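There are 2 protein chains.
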Amino acid sequence: MSSLAADLQSILGPKGWLSGDDAAPFSRDWLNRYGEVPLGVARPATTTEVSQVVAACHAAGVPVTPQGGNTSLCGGAVSGTAGGVILSLARMNRIGDVDRAAGTIEVEAGTILASLHSHVEAQDLIFPLHLGAEGSAQIGGLIGTNAGGSHALRYGMMQDLVMGMEVVLADGTVWDGLRAVQKDNAGYQLRRLFCGAEGTLGIVTRAVLKLYPAPKQKATALLALPDIETLVSYGTYLRSEAGEFISGLEFFCDLGLDLALRHVEGMEFPLESRSPFYLLVELTTSSALVPLDEILEGALTVGMENGQVSDGALAMSEAQRAAFWRLREEQPEGQRLEGAQLKHDISVPPGKLAAFLTEGEGVCQLILPGVRINPFGHLGDGNVHYNLSPAVGSSDFADKAQAFAEGLGSLASRLQGSFAAEHGLGRSKIALADALRPANERELMGRIKTAMDPRGIMNPGVVLKG
Amino acid sequence: MSSLAADLQSILGPKGWLSGDDAAPFSRDWLNRYGEVPLGVARPATTTEVSQVVAACHAAGVPVTPQGGNTSLCGGAVSGTAGGVILSLARMNRIGDVDRAAGTIEVEAGTILASLHSHVEAQDLIFPLHLGAEGSAQIGGLIGTNAGGSHALRYGMMQDLVMGMEVVLADGTVWDGLRAVQKDNAGYQLRRLFCGAEGTLGIVTRAVLKLYPAPKQKATALLALPDIETLVSYGTYLRSEAGEFISGLEFFCDLGLDLALRHVEGMEFPLESRSPFYLLVELTTSSALVPLDEILEGALTVGMENGQVSDGALAMSEAQRAAFWRLREEQPEGQRLEGAQLKHDISVPPGKLAAFLTEGEGVCQLILPGVRINPFGHLGDGNVHYNLSPAVGSSDFADKAQAFAEGLGSLASRLQGSFAAEHGLGRSKIALADALRPANERELMGRIKTAMDPRGIMNPGVVLKG
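Quick mapping for you: the protein sequence lines, in order, are chains W and L. Our numbering puts the first residue of the first sequence at 4, with every later residue one more than the last. Our numbering puts the first residue of the second sequence at 4, with every later residue one more than the last.
Heads up, some of the hints might be wrong.
Stated by the list, open to error - Derived lysine-lysine pairs resembling DSS-like cross-links, with alpha carbons at most 27 Å apart:
| no. | chain 1 | residue 1 | chain 2 | residue 2 |
| --- | --- | --- | --- | --- |
| 1 | L | 468 | W | 219 |
| 2 | L | 219 | W | 221 |
| 3 | W | 221 | L | 468 |
| 4 | L | 213 | W | 221 |
Said to hold, decoys possible - Now the stretches of chain L that chain W is said to cover, found in silico as 3 or more residues with beta-carbon under 8 Å:
| no. | segment |
| --- | --- |
| 5 | 249-262 |
| 6 | 430-441 |
Calculated directly from the structure, the hints in this document are not laboratory data. Just so it is clear, the structure is predicted and the values come from calculations on it, not from any experiment. Note that CB positions come from ideal geometry on N, CA and C, so glycine has one too.
The whole structure should be built from the sequences, with the hints applied where relevant.
Shown next as structure tokens:
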């Protein structure tokens, strides 16, 4: 046993240090693309233990990769170096008391998102971040990747929902940034910097999160629309009429609907006729006095009278609401079951979505004629999951993955968007970032990294080249 | 003329370079406490000129202090070194086109906040940041200080309203971070780091800002409440009943009301009897269908029936709404006209406001018996402007300013709050920050500063010791 492994075992005890076969379930990423064999997996139970582990790794010059639910789509939570240490936060999952007057709660980094949801919902509050992986994803990982999801239009991303945090720095010292206030301008916005740094600047161990009152009403509709321009302009209209109520504004297209209906069990399509695009609208309010259904119906009527909306249905029950959402949420699963796929996580200003889809189609067909494009995502913030399936009759992408990523990413950048909207860079998108980001931006990031982690032990090879 | 001055004059032309007496109006801060005689004032008209000025200063090793409306309450926008260069962004005040589908607008850093307000309001949109200095404060300075104000509870602070930015870095190169999307996780959150850095890491020259639909309805009430505990619990109740509508939740106390009524012209008090505390509630909605008055009246009725609210009035006209707001907004002016004062810009979690006011009173009376305390501010986010007047019959604070600042600041920190909530650190609060912030936080900030501004020319002596 290496001397570091012995030290870590003695710090953490038998429950806190896994190696050999026991470490294997933590070693590879969710898509099984990344992950060298680690020295072992540290499973600290307290901030002090995290601090001791990082200090020992720092002294030994051994890389540390923090791991939450290991749901990264970009390989961000596994070791890029054989013999690195994976630091799993899973045992640190205590949820503190709700501070009702402040609308906040303090949680440990290993808290699973869905556990937090049920914990606060039982107290008539919500933590409004929702995404596909919520049953596994942990708060620390969500902070590390600055997660977004389907409610970000209204409530913001993870960085907007974190008020304060505790972070173990590269040398193992603990930064106490557990302030519980929105207004804190006493220095640089370090809490925002740690959000989205994917564990490369420090390891978040606890956080104070923002809560909202639970909605007293919800209204949900599924609409059919003829084209992307209409989709965007109708979305703009909805925002002007029902701005503060919109908690979901999700779109998908007929190819994606087809894939979901064909491959996923128990799906139902509630409208009378198919259409090129669909929009899922969800309004919520914390007031019992708002005529929420009437507001949504009114907007729907206007859309139909204007010829923007060709068909639409309002959810009449919780079951129907869930069925509408499944049509959107099973898009990735339908496409996965179709066979090979390429995922792109793009954002562009919503007004440029039409340009992005039109020009993106051109980019893709030039790279690989016949490729099938399934764009779906969050209309409100212009976040498109632009996923590809091979041409009918073909089973792969002929090694064009990087060409697609660069072509689409550079189009998004040109339209003032981002080639990495809500999944982060991890390990998989570093080459893309090197190709697309301004050189002085990468230089600045590198300087910050070196300043905060001079020995380069914090998740090296993630966000920036190792 | 120094060789740098000659270079700057040749870069900027006669309209762009002020020195001697012409520079004097820019040299001192708004409270006339800070500001050494500068080499001159650079007034660039373009990003390229800003870039050239900073590059020249970088080469010469001369400090550059960016200046917007020069409304800093902490001395952040004037030179701390004789012979430094003040870089005024005032000539860069172009406002771009609204992107209605995205709900964004691109503006230059010298745009005055009130000009932006009227520009977008004419198009049925709002930029929701409001504060006392809005007639002078410029976007660049608001970003630099991560401004807050009275609507932050609903819309966030400046960092939440900036989607992308262009920044001239310490060596004069330009970082193009003008993305126009919320979801951008392609690397460290640099845009958030520049927010609140007070020009010490770079100079913001342009920004893409977030807009919201203009409200179609407003409802405003002024309430009287017996004590701080009731104020806080009633605020919590309002949030649970009317969460998404609350755009203002401002409190003040009877001493502050008295000062405003006595000293400021044309003030009127609309309630029948005086009370220890007052709460100004403003609800707005972008929907014409919401019974907004009814929601506010309902909450008011509940408060009165429960004995939480002792008196209340609903604004029946725009004039009355404005009159209610003046009672809150003239608090600083009333106190200024009373004579000497000390300002503290504190935030604590709202549930700890009562503890803060009670213990704060103890702290203050121990330091200087009889001192008069006027707490007012933003209930929703726990931001208290905790301002002091000397005891009746006394005219100063007997050199106790630092003792008050440290006593109150350390109390706020102990309650998980901040001793510098929305005014920043500037020059005036560095000693306080050194006394109150964890040592490793200052160390981290120092490292980031050195990494991004190795020659130390960007507004030295602000945020961090020079």
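To see whether the hints hold, each was checked on the structure:
1. L:468 x W:219: 50 Å, violated
2. L:219 x W:221: 21 Å, holds
3. W:221 x L:468: Cα-Cα ~52 Å, so violated.
4. L:213 x W:221: The hint holds at about 26 Å.
5. 249-262: violated (count 0)
6. 430-441: With 5 residues in contact (Cβ-Cβ under 8 Å with chain W), the coverage given for the segment 430-441 of chain L holds.
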